[in-house]
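**Q** Residue-level listing of the chains:
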Amino acid sequence: MPEPVIVAQNLVKKYKDFAAVDGISFEVAPGESFGLLGPNGAGKSTTMRMVGAVSTRTGGDLRILGMDPDRYGPEIRSRLGVVPQTDNLDTELRVRENLLVYGRYFGLPRAQVARRADELLAFAQLEDKAKARVDALSGGMKRRLTIARALINEPSILLLDEPTTGLDPQARHILWDRLFRLKEQGTTLLLTTHYMDEAEQLCDRLVVVDKGVIMAEGAPAQLIRTYSSREVLEVRFGSDLNADVAAQLAGMGDRLEVLPDRILIYSENGESELVRIIDAGLKPITSLVRRSSLEDVFLRLTGRTLIE
Amino acid sequence: MSTPTPPPGSVGDQAIRATRHARRWGSWYVAEHRFRVMRSYAQTVVVTAIGNPVIYLYAMGVGLATLVDANLGPDAVAGVSYLAFVAPALLCSAAITVASEEFTYPIMLGFKWNPVFYGMNAAPIQPGQIINGIVISVALRMSVTCGIYYAFMLVFGAVPSPAGFLAVFAALLTGLGFGALLMAYTATLTEDTGQLAMVMRFIILPMTLFSGTFFPLSVLPVWLQWIGWISPLWHGTELARVLTYGASEPIWLSVTHVLYLAILLTLGWTWARRVAARRLNK
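Going down the list, the sequences are from chains W and S.
Read in full-length UniProt numbering, the first sequence has 10 at position 10, and its numbers run on one by one without any break.
Read in full-length UniProt numbering, the second sequence has 9 at position 9, and its numbers run on one by one without any break.
Careful, some of the hints might be misleading.
Claimed, not checked - Calculated lysine-lysine pairs in the DSSO-like style (CA-CA distance at most 30 Å, straight line):
1) 283/W / 282/S
2) 142/W / 131/W
3) 211/W / 282/S
4) 129/W / 282/S
5) 16/W / 112/S
6) 142/W / 129/W
7) 112/S / 129/W
8) 282/S / 131/W
9) 112/S / 282/S
10) 183/W / 142/W
11) 14/W / 112/S
12) 112/S / 283/W
13) 211/W / 183/W
14) 131/W / 112/S
15) 14/W / 283/W
16) 183/W / 129/W
17) 16/W / 211/W
18) 282/S / 16/W
Derived from the structure by calculation, the hints contain no laboratory data.
The shape of chain W in the complex, shown without the other chains (with noise of 0.2 Å):
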């Protein structure tokens, strides 16, 4: 197996007696896509600053490229692309120059970075924006350019702390698009996100994050098959009946979850779980049968939703 771009041992951020991040163990091999999934406040923001090396861990051990952040901060931060949760473009500048300026702070000639701008707004599909002020984007477009931007250095790794958080449909999927390519490529990505669909689509690899530690680590089929059934039936009753309707249901499916507004039913067949509850007299308002996803990984893993 080729060395790992990163590796965090037991690694710990604690603001005064508060522990963000826990005791974080993970490793990320090159050309890996590495997933931090987890709701707000999980810690994946603290991790992924440790990472990007502007943030001082507090305890255990973190080698990026081989390097210690606390002595090779910038030396790691050449290396990398970053993202951030909001963007932090510079709406003083042009879409374009704000492609320039940031490949000088790389040490980069200007017109090597003059080429590479060119290169990138092709690749983020803004050729045409390329004057306009940053402001006058829509916020999909703002993403793709902080995307060109954190790729001004062609860099190792890229750290993405919740790309697609607040972009509509259409503008994910263009986004994914963008990020696949880049995989395809063989860039390392790293990124969290609280979107379910998104760390199935984009993510080799990914570790489950609440409450500054780990819940479980895999493939996301794999953790789907490991912690959850194959389908999940999803009834609704009302929001009074719900927990009334569920001590009816007990001992159908694999595990039953019940929430305020539905009840869920793990099992191998979804639709004869349906047919069960129907023949027993019980009439949902709604029902629905789907493939499990990562969002009832999370549930079998902390008893709550992710997005809550």
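Add chain S to chain W, keeping to what the hints say.
**A** Just chain S now, kept in the frame of chain W:
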């Protein structure tokens, strides 16, 4: 685990070599960024750099001076014309004005409103280099402004001494000494709830009025003169007066002016670097 040096030829080793430029020149790259931003308001910079000396030198040095000199004679104040007396003070005030613009809102902007400093720091730029870059860029803008101001002082005939051009450096030291402290203070603000407006109103304006700018400090009652003694503008102005018309003061006092301003600059600069490092390392 120890912190080994990456072996030759490894990605780490390549990164170390590739980052030498950024380690050495990072402060300049930040200054480059500031210049690019300043270009978007270059017109304002140039118009104020030319307009201010014309307006102030005319109003104070010609208008008010006519009144003063008519009543007190051509060597009206401290043995020179009022124009010669007030011009070095106006020059230093111009530097303070630049400082109060460039060391406040761009700092709030970079940390808070449009957090570009975090973006720089995600690249190889270090927090201290961000602060250095800002000081460099402001120093250059201030040099342009003060240079133009001085040129107009010559045009108005406000500089009796041939060594007068050295007053530009006194003005720079004034603006940067005061500005560095202002920058450090601004960097500590996580929210602008009017603090900067208060600074303008209750520090910069009184400082401009009571630093021996328009009248000698000795005119003030003794119990108000301390404002001058702690004011960087007073120290800068007195120094500039020695240079433009040979104002008489003991040499130790001139040395004190330089030291005082240099100490403010060092303190403010160091403090700002610390605040930036703390703020960016979350």
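**Q** Against this structure, judge whether each hint is valid.
**A** A quick look at each hint next to the structure:
1. 283/W / 282/S: Not satisfied, since the Cα-Cα distance of roughly 53 Å exceeds 30 Å.
2. 142/W / 131/W: Distance ~14 Å between residue 142/W and residue 131/W Cα, so the pair holds.
3. 211/W / 282/S: holds (18 Å)
4. 129/W / 282/S: This hinted pair is violated, its Cα atoms lying about 34 Å apart.
5. 16/W / 112/S: Since the Cα atoms of residue 16/W and residue 112/S sit roughly 23 Å apart, the hinted pair holds (cutoff 30 Å).
6. 142/W / 129/W: holds (11 Å)
7. 112/S / 129/W: This hinted pair holds, its Cα atoms lying about 26 Å apart.
8. 282/S / 131/W: With Cα atoms ~34 Å apart, residue 282/S and residue 131/W exceed 30 Å; violated.
9. 112/S / 282/S: holds (14 Å)
10. 183/W / 142/W: holds (21 Å)
11. 14/W / 112/S: The hint holds at about 23 Å.
12. 112/S / 283/W: violated (54 Å)
13. 211/W / 183/W: Answer holds: residue 211/W to residue 183/W is near 29 Å, not above 30 Å.
14. 131/W / 112/S: At roughly 25 Å apart (the allowed maximum being 30 Å), residue 112/S and residue 131/W satisfy the hint.
15. 14/W / 283/W: Given that 30 Å is the threshold and the Cα spacing comes to 50 Å, the pair is violated.
16. 183/W / 129/W: Holds. Residue 183/W to residue 129/W sits at ~25 Å (cutoff 30 Å).
17. 16/W / 211/W: holds (16 Å)
18. 282/S / 16/W: Answer holds: residue 282/S to residue 16/W is near 12 Å, not above 30 Å.
Hint check: violations occur at hints 1, 4, 8, 12 and 15; the rest are consistent with the structure.
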